[in-house]
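Chemist: Respectively, the protein sequence lines represent chains C, U, A and P.
Residue numbering for the first sequence follows full-length UniProt numbering, starting at 1 and increasing by one per position.
Residue numbering for the second sequence follows full-length UniProt numbering, starting at 1 and increasing by one per position.
Residue numbering for the third sequence follows full-length UniProt numbering, starting at 1 and increasing by one per position.
Residue numbering for the fourth sequence follows full-length UniProt numbering, starting at 1 and increasing by one per position.
Simulated from the structure, these hints should not be mistaken for laboratory data.
Quick caveat, the model's predicted, so the values are computed rather than measured.
Among the clues, some could well be false.
Given that identical chains are not distinguished, each listed pair holds provided it fits within a single copy or across any two copies.
[Said to hold, decoys possible] The list that follows gives simulated cross-link-like pairs (lysine-lysine, DSBU-like), each with its CA atoms no further than 30 Å apart:
{"no.": "1", "residue 1": "K219", "residue 2": "K269"}
{"no.": "2", "residue 1": "K294", "residue 2": "K120"}
{"no.": "3", "residue 1": "K312", "residue 2": "K191"}
{"no.": "4", "residue 1": "K219", "residue 2": "K312"}
{"no.": "5", "residue 1": "K294", "residue 2": "K191"}
{"no.": "6", "residue 1": "K312", "residue 2": "K120"}
4 protein chains.
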Amino acid sequence: MEFSSDNWAGASQPVMDALSRHNEGMAPAYGADAVTEAVTARFREVFEIDVEVLFTATGTAANALAMAACSRPGGLVFCSDVAHLHCDEWGAAEFYSHGMKLMPVAARQGKITAQDLGAKLAACPEGSRLGRTVALSLTQASECGTVYRPEDIAALTATARQRDMLCHMDGARFANALVHLGVTPAEMTWKAGIDVLSFGGTKNGCWCAEALVVFRPEKLRDLVEHRARAGHVFSKSRFVAAQFDGYLADGHWLDLARHANGAAARLAKGIAASGSARLAWEPEANEVFAILSKEQIARLQAAGGRFYEWSKDGCGPDEAMVRLVTCFRTGDAEVDSFLSHL
Amino acid sequence: MEFSSDNWAGASQPVMDALSRHNEGMAPAYGADAVTEAVTARFREVFEIDVEVLFTATGTAANALAMAACSRPGGLVFCSDVAHLHCDEWGAAEFYSHGMKLMPVAARQGKITAQDLGAKLAACPEGSRLGRTVALSLTQASECGTVYRPEDIAALTATARQRDMLCHMDGARFANALVHLGVTPAEMTWKAGIDVLSFGGTKNGCWCAEALVVFRPEKLRDLVEHRARAGHVFSKSRFVAAQFDGYLADGHWLDLARHANGAAARLAKGIAASGSARLAWEPEANEVFAILSKEQIARLQAAGGRFYEWSKDGCGPDEAMVRLVTCFRTGDAEVDSFLSHL
Amino acid sequence: MEFSSDNWAGASQPVMDALSRHNEGMAPAYGADAVTEAVTARFREVFEIDVEVLFTATGTAANALAMAACSRPGGLVFCSDVAHLHCDEWGAAEFYSHGMKLMPVAARQGKITAQDLGAKLAACPEGSRLGRTVALSLTQASECGTVYRPEDIAALTATARQRDMLCHMDGARFANALVHLGVTPAEMTWKAGIDVLSFGGTKNGCWCAEALVVFRPEKLRDLVEHRARAGHVFSKSRFVAAQFDGYLADGHWLDLARHANGAAARLAKGIAASGSARLAWEPEANEVFAILSKEQIARLQAAGGRFYEWSKDGCGPDEAMVRLVTCFRTGDAEVDSFLSHL
Amino acid sequence: MEFSSDNWAGASQPVMDALSRHNEGMAPAYGADAVTEAVTARFREVFEIDVEVLFTATGTAANALAMAACSRPGGLVFCSDVAHLHCDEWGAAEFYSHGMKLMPVAARQGKITAQDLGAKLAACPEGSRLGRTVALSLTQASECGTVYRPEDIAALTATARQRDMLCHMDGARFANALVHLGVTPAEMTWKAGIDVLSFGGTKNGCWCAEALVVFRPEKLRDLVEHRARAGHVFSKSRFVAAQFDGYLADGHWLDLARHANGAAARLAKGIAASGSARLAWEPEANEVFAILSKEQIARLQAAGGRFYEWSKDGCGPDEAMVRLVTCFRTGDAEVDSFLSHL
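When you get a sec, could you build the whole thing from the sequences and use the hints?
Modeler: In structure tokens, the structure reads:
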């Protein structure tokens, strides 16, 4: 009953197989190899546009490099107050951007609205000594397992564009959001105004495969050089390409996400039906936030259940909100075992 | 006939096998897993001391993080004028250290001497507005395929210590140097005054496995936090640990290095005996620098030989110095084929 | 009727005289001169302790250098949400500290409480990936013209000290706060737990004279070097020393502050008595925040009154809160003229 | 006999007078005042082009801000190996530019040639992992008291332009070079390919008045913001403007430089005629480099002479090269007294 995080699994078998397959022979270093080229072409198909693709080792690297490339002195970056970029990356955005200031916007269930963003921007007028508006970063799926609809994204990016801001998407759980919405990658990104995407593979079946997907390269200056001097260029770069080769082939990435989302839905349905526990909100991706009694929590942990307590919001005195994350390896039996202990 | 670089191969079979083996099951993220713990313990055995170990994705990251952790405002870092840290890492040391200044010391065949270092230090007296002496970085094996003896290293670090400098070793080809010298890892590092080591696995049979091995943690402040905010913490951290597990088991890493060095020696012997080409200097690790005629170069390239032209030093008008790098996969047949085209 | 800011005046006559007096002759550059030495000794008398003193050109420089010297990777700095350091310095704190994150605490009338700080700290537990608690910065007098009592400061620094934080005071209006409280400089700073102070002279009668006064030099690493590489070391350093010589002699600095505070009190009293306008809160230094009708504002501006509209807080639909700043040059006639137009 | 440096004097009387004159009344802060506007217009007249002007407190700030504004990740900055920017500013260029790498070119008597620069650039081909060529910085007059002719500057900037580099002039002793050459400010700068100039007033009669004069604002991104977040914006900005008002009026700045250069020429002539000491090279500005016997040095110091020993280049065993700097206050009697002790 492992619901701690979707980065506790290893790699999916097709990803491991691709890694083994591309291990043969010699290939140019630093991304000049054929697999990297082929995978880059694959990304262009997936996004239906001539994107620039840069592999990184971690999602934090991808996010922070995007911030580096749009950095301006005195720059302000707007994001939700629960954004991973802000709360969980140990100041990477600030370091890479040479000190841009993050401006957290209060989120509801992980998401911010165009109206909230507009109000925050209005408090930062042009010419303010606070700094200058530079970027918006949205997380899709959000840190609370909820998903922005394309029209939500479009409204947010339109608001940001009025202040000439760059629009970044942290897609650590991109696939989970995509299969929930049933839209195309293009519709969820550049068609909705996103300029640059951190495309995550790690949480959904890769070992360590992330990519910066750049829709408007002219707005993200010197990204190649920023990555190089940050030490995020693999010499045996085809190792990341190989993972993406397995990941993106035959819709494998979407299958993995559907599996994880399905496990979350099964879990959520069971919790809602339990009578004794309740959902904090309806899950839309692979994370379930539920309010359990402390007794239930203790019982589950005693039975080998692993998950994090999240907050006290909406909880009674003997309750806590827990986060339950499913992944491509979560089995029905594991979910049902969890539910049986409620 | 692939002699371009030792990072053109994939991973060795035992390394791939270890990766597959550790792919099973779930494990805590961000380095809290059992494999990481076991491999860290293994490093302590290898170095015969209670080292701190931090995995990174690339050698540049390892080098640059070492510089970050010893950074002081106005700091000066001394290294050879062909040091990878200085010449090939796109300013990573400067970026991570918030602008320390690299002070290149003229190298002979890739190495600097304590005397040369002393002279350079004398030109940077205390109180100088140039800045303050902070660190020495040595590359072992050097970028020219030569190797510092432990007493060379001890003399250099003693000179640096007189100015209260931290001593870093860039061990991208650590194993190749070690098997050449026939000493222990401890003798080549902390017993000779090294404070922190970039221990490379990638060039010698891993996919992307590097480690900062810290002998004097009290001198390298906030290294864990520096790595975190640089985006160099893997969520599925056991993926690096697994590679090192395969790499360090049963002397595999030393076998790989002996193979690569042996191929270089075979190549060097053949070149020296060829009559028509000559060695620029005697190789001590897995890189051969040789002076060939342009005609030989063209003939070899036409036959599928791949390698880089390096410089014009010591060359006649119709000659060039080439660099030939061998690796764990280089076969005798490949070497002999090269020699046959001379 | 000039109430825009206390940095619209030039220098006071005694400060100008000191500048002329020390203009004669030659003196060592970069702070090695006798005037700098004498003024540093004077600071030690004023603060009754063996402080380290570093001159800077601007208050922003002083604040930001303090942040540089206590910087840690992933560091968090707590301050009020109206702190000049956060809102008005164009990201200087972030730049100098290589990206520390400012954590604004909601202020009431410019001040925060130990309780508010404690709650904010509790939300940033040790080990959090948000980062690590590093510093507290308090503004005295605050940006709203209010003043922390020594016991307020002591409670705040005690709270900060529990998390091993450094305590900084932005004393751009230090003298105004001091004469309001009637305490000693020592009581308002190090005796109340302050480790480093930005001591402002500019707003209170100097041209550009600020000083970092360091009470615990062992906690502020490399401050001299941070200042040097930031270009904040004057070659003709005695120019700042000379200003402070005039400023600190014979209690001149306290006289200037008493004058400015007195003008603010006269203004406040008149507003409170006007019947037609009202104070937003009671002023304690040289800034008056008052709520005026838009008609009054228009009338005053037409008559040559200059001041900034501040906010809409507590205002009716036809009102606005204005900020009225007095300084060492503000005359009674000017105040009375303002009041006559209400 | 004070020849230590040209920053040991205070301000010239006309500069002090201007400061007193502009001390009256109130004026907008942060550079929005009328004096700043008038002085900016004066700069445009002096340079015969519509320049952007930004005041700073120090020459280091001006130089470093220029580097900040042209910074690119992995950027390389070329300068002489005795450049103040490189050798005497405690790493400010590296700090402000977020880690650009300085590439020192060997100077002869303080100056580099287009040929030397070209050779250095050739060793840094495009695509090199060393980094990318970004800027050239020339010091005029040089640190060795020599002066580039406009055609020298044009040749250097043309070479730099071939690699798309920005051309910066460190004009800490701009006036001294100008009066030596007898050309116009335009001829010595933008007409010879200079993009941005650090225009120094401090060493030539101001207290602390430097200006960044920007000829191609479109190439120096965000300079205003870089300065703001570095804490180099004076609130009472007219204080710098006032100094420049006095400095630039009626050719005062050129008179001051002529005086200093004249004193140096008198000194050089006397040394050359002395028989017992000799010039290291012919001075062209306000610095004389001379080779004296150790006995002469001791005798002069005993008589109250103050100056720095510079190097051993070209010296016999009992000799040393000394630097003798003259300034606007150096008197004939002082020079003659020095000569009498040789």
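Chemist: Could you work out which of the previously given hints the structure breaks and list their numbers from low to high?
Modeler: Violated hints: 1, 3, 4, 5; rest satisfied.
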